[in-house]
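Residues per chain, in single letters:
Number of protein chains: 4
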Amino acid sequence: MPKPELIEQLAETFAEKVPFNKLLGLTFTELDREVCVVKFHNKPDLVGNYIQGILHGGVIASAIDVAGGTMAALGLMQKNPESHPEELLDKLSRLGTIDLRIDYVRPGRGEWFETSARILRVGNKVAVVRMELHNESNTLIALGTGTYLVG
Amino acid sequence: MPKPELIEQLAETFAEKVPFNKLLGLTFTELDREVCVVKFHNKPDLVGNYIQGILHGGVIASAIDVAGGTMAALGLMQKNPESHPEELLDKLSRLGTIDLRIDYVRPGRGEWFETSARILRVGNKVAVVRMELHNESNTLIALGTGTYLVG
Amino acid sequence: MPKPELIEQLAETFAEKVPFNKLLGLTFTELDREVCVVKFHNKPDLVGNYIQGILHGGVIASAIDVAGGTMAALGLMQKNPESHPEELLDKLSRLGTIDLRIDYVRPGRGEWFETSARILRVGNKVAVVRMELHNESNTLIALGTGTYLVG
Amino acid sequence: MPKPELIEQLAETFAEKVPFNKLLGLTFTELDREVCVVKFHNKPDLVGNYIQGILHGGVIASAIDVAGGTMAALGLMQKNPESHPEELLDKLSRLGTIDLRIDYVRPGRGEWFETSARILRVGNKVAVVRMELHNESNTLIALGTGTYLVG
Numbered sequence: 061m062p063k064p065e066l067i068e069q070l071a072e073t074f075a076e077k078v079p080f081n082k083l084l085g086l087t088f089t090e091l092d093r094e095v096c097v098v099k100f101h102n103k104p105d106l107v108g109n110y111i112q113g114i115l116h117g118g119v120i121a122s123a124i125d126v127a128g129g130t131m132a133a134l135g136l137m138q139k140n141p142e143s144h145p146e147e148l149l150d151k152l153s154r155l156g157t158i159d160l161r162i163d164y165v166r167p168g169r170g171e172w173f174e175t176s177a178r179i180l181r182v183g184n185k186v187a188v189v190r191m192e193l194h195n196e197s198n199t200l201i202a203l204g205t206g207t208y209l210v211g
Numbered sequence: 061m062p063k064p065e066l067i068e069q070l071a072e073t074f075a076e077k078v079p080f081n082k083l084l085g086l087t088f089t090e091l092d093r094e095v096c097v098v099k100f101h102n103k104p105d106l107v108g109n110y111i112q113g114i115l116h117g118g119v120i121a122s123a124i125d126v127a128g129g130t131m132a133a134l135g136l137m138q139k140n141p142e143s144h145p146e147e148l149l150d151k152l153s154r155l156g157t158i159d160l161r162i163d164y165v166r167p168g169r170g171e172w173f174e175t176s177a178r179i180l181r182v183g184n185k186v187a188v189v190r191m192e193l194h195n196e197s198n199t200l201i202a203l204g205t206g207t208y209l210v211g
Numbered sequence: 061m062p063k064p065e066l067i068e069q070l071a072e073t074f075a076e077k078v079p080f081n082k083l084l085g086l087t088f089t090e091l092d093r094e095v096c097v098v099k100f101h102n103k104p105d106l107v108g109n110y111i112q113g114i115l116h117g118g119v120i121a122s123a124i125d126v127a128g129g130t131m132a133a134l135g136l137m138q139k140n141p142e143s144h145p146e147e148l149l150d151k152l153s154r155l156g157t158i159d160l161r162i163d164y165v166r167p168g169r170g171e172w173f174e175t176s177a178r179i180l181r182v183g184n185k186v187a188v189v190r191m192e193l194h195n196e197s198n199t200l201i202a203l204g205t206g207t208y209l210v211g
Numbered sequence: 061m062p063k064p065e066l067i068e069q070l071a072e073t074f075a076e077k078v079p080f081n082k083l084l085g086l087t088f089t090e091l092d093r094e095v096c097v098v099k100f101h102n103k104p105d106l107v108g109n110y111i112q113g114i115l116h117g118g119v120i121a122s123a124i125d126v127a128g129g130t131m132a133a134l135g136l137m138q139k140n141p142e143s144h145p146e147e148l149l150d151k152l153s154r155l156g157t158i159d160l161r162i163d164y165v166r167p168g169r170g171e172w173f174e175t176s177a178r179i180l181r182v183g184n185k186v187a188v189v190r191m192e193l194h195n196e197s198n199t200l201i202a203l204g205t206g207t208y209l210v211g
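Chains as they are written, first to last, in this note's numbering: chain U, 61 to 211; chain H, 61 to 211; chain L, 61 to 211; chain R, 61 to 211.
Honestly, the hints are just simulated from the structure, not real lab data. Accuracy of the hints is not assured; some may be wrong.
As the list claims (entries may be wrong) - Not the full set, but computed from the structure, chain U residues with beta-carbon under 7 Å of chain L:
(1) 152
(2) 155
(3) 161
(4) 163
(5) 185
Claimed, not checked - Here are the simulated lysine-lysine pairs, DSS-like style, with alpha carbons at most 27 Å apart:
(6) U:185 - R:151
(7) R:77 - R:99
(8) H:185 - L:99
(9) L:151 - H:151
Ideal Cβ placement from N, Cα and C applies to all residues, glycine included.
When you get a sec, could you build the whole thing from the sequences and use the hints?
The structure is reproduced here in structure tokens:
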């Protein structure tokens, strides 16, 4: 398992140095070998359906992709426990989403939202991650599955 | 086919009244019975990989969903040519993405991007739309398929 | 919840009266409000990679779709507890797969396989179901998500 | 471009040596750098909805996966024009479906069916292929997108 400092650094980098994540207001509230949780608050800019004040589908897809990609990055780190930080960083910089699927099961209503991502499999080349997005009442709003290139 | 004024109004509404579309800077450059084209420029806020200046995957997913959903809306309008505007608006307000799949085939590099969406089928309840995102050099960057609830 | 006889009849119908399910040798080992489990044995006819004796990807997709569709049918029955059998049968006959996604996470090796399906949401028109396929050693081989038209 | 004999051998191997392909009755009617076409006839064994005589969704998924995987194999061969047959065979034996998505747009009615597959991108590790299934009247019945591991 990668050292806690490395994990913390990963979360900080993704939240602070990725412009679009900042624009959305994404923060990481959990990140360990089991799960990555990304949280964000509803705000006028993120609305898709202006009549009903519902979250834009693209915001949901974005949060789900970020949680999934971060979890894939952690999976990659767990698979390479002996790697030097530079080597790891190099691998991480080449990590990318191959494909992403989102199921929108309920309208995106709520004050704040949390996306959790759990790894289903990390292979030598591909990681598969499943994601769920809930609102503050724990209502399931969307599901995702992402395939990430990790090798 | 719906009247040109109605189509223009649809595009204007989606571009101007949807906050997140404005945040991304999406504009509609084409919208007819064949295709919906959504265009946007690269800008610092939309970046995902800050080292390489590549578009965030969520931005790509957002643009693809907007093009697909708009095309599904037009498909719905074409299926109901006799409807009164109020009736249509009511139907349109209930239109939603059921699911969305994005294939990221190349890194999102470019000055500006265009997503085109074409309908594959409009049924009584569900529309299936396929999307492609290219940059200004016509390099294919991402593909999408969306299923939309239209009835 | 529909009566046990109705559920049993549903499972029997799907296993016995659907020719392709019989060809694959699918049986229902569990079917209740929580989960639908479909089981089948490996046999020479179902092989895709003849050098390695691995299950054909299409067999995996088939079993996953059957488990998902059956669970969607049960979800539809639970949503309409007061319906007459004829009415239900009519609804069930119009149930169909809108789309299906399969993630192949490990090669399909094993003596027998089980696909479990759990409903994530049953709406008035669409049901979303998630599926997993394991072998007899409980190794995860494939994952699926299906969207089914139920109304 | 690989030699015609190699391509022919590929098609023959997939049609004759893959048990499940034989069970379904799949044949290759076209295979070149542009497209792979897989054909099969409707027959009682392949039916899913016995009341309406409609093709089983799993049969559709199977045919779509076979066309897509074969096209990915050809893409891999085109990317490695200088490889020795043994080397190529080794690469081909490790080719696998990462994930597959099927959109069922119309019921599978018809006497015979054709699935065409076209490559959207072959990278060093992953190929993305899009597929369509039509019946003998050229009615579009299903669409697919597959991601294949090629490196």
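Going down the list of hints, with the structure as the test:
About 22 Å separates the beta-carbon of residue 152 (chain U) from the nearest beta-carbon of chain L, more than 7 Å, and the hint is not met. Interface restraint check for residue 155 (chain U): the shortest CB-CB distance to chain L comes to about 18 Å, outside 7 Å, so the restraint is violated. Annotation: interface hint on residue 161 (chain U) holds; nearest CB of chain L at approximately 6 Å, less than 7 Å. With its C-beta approaching chain L no nearer than about 5 Å, residue 163 (chain U) sits inside the 7 Å limit, and its interface hint holds.
Proximity of residue 185 (chain U) to chain L is violated relative to the hint, the smallest CB-CB distance being about 12 Å (cut-off 7 Å). Of the pairs offered as hints, the one joining residue 185 (chain U) and residue 151 (chain R) holds, with about 15 Å between alpha carbons and a cut-off of 27 Å not exceeded. Of the supplied pair hints, the one linking residue 77 (chain R) and residue 99 (chain R) holds, its CA atoms being roughly 16 Å apart against a limit of 27 Å. Using a Cα cut-off of 27 Å, the hinted pair residue 185 (chain H) and residue 99 (chain L) is violated, with the two alpha carbons roughly 33 Å apart.
Between the alpha carbons of residue 151 (chain L) and residue 151 (chain H) the distance comes to roughly 23 Å, so the proposed pair stays at or under 27 Å and holds.
Checked against the numbered hints above, the structure violates hints 1, 2, 5, 8; every other hint is satisfied.
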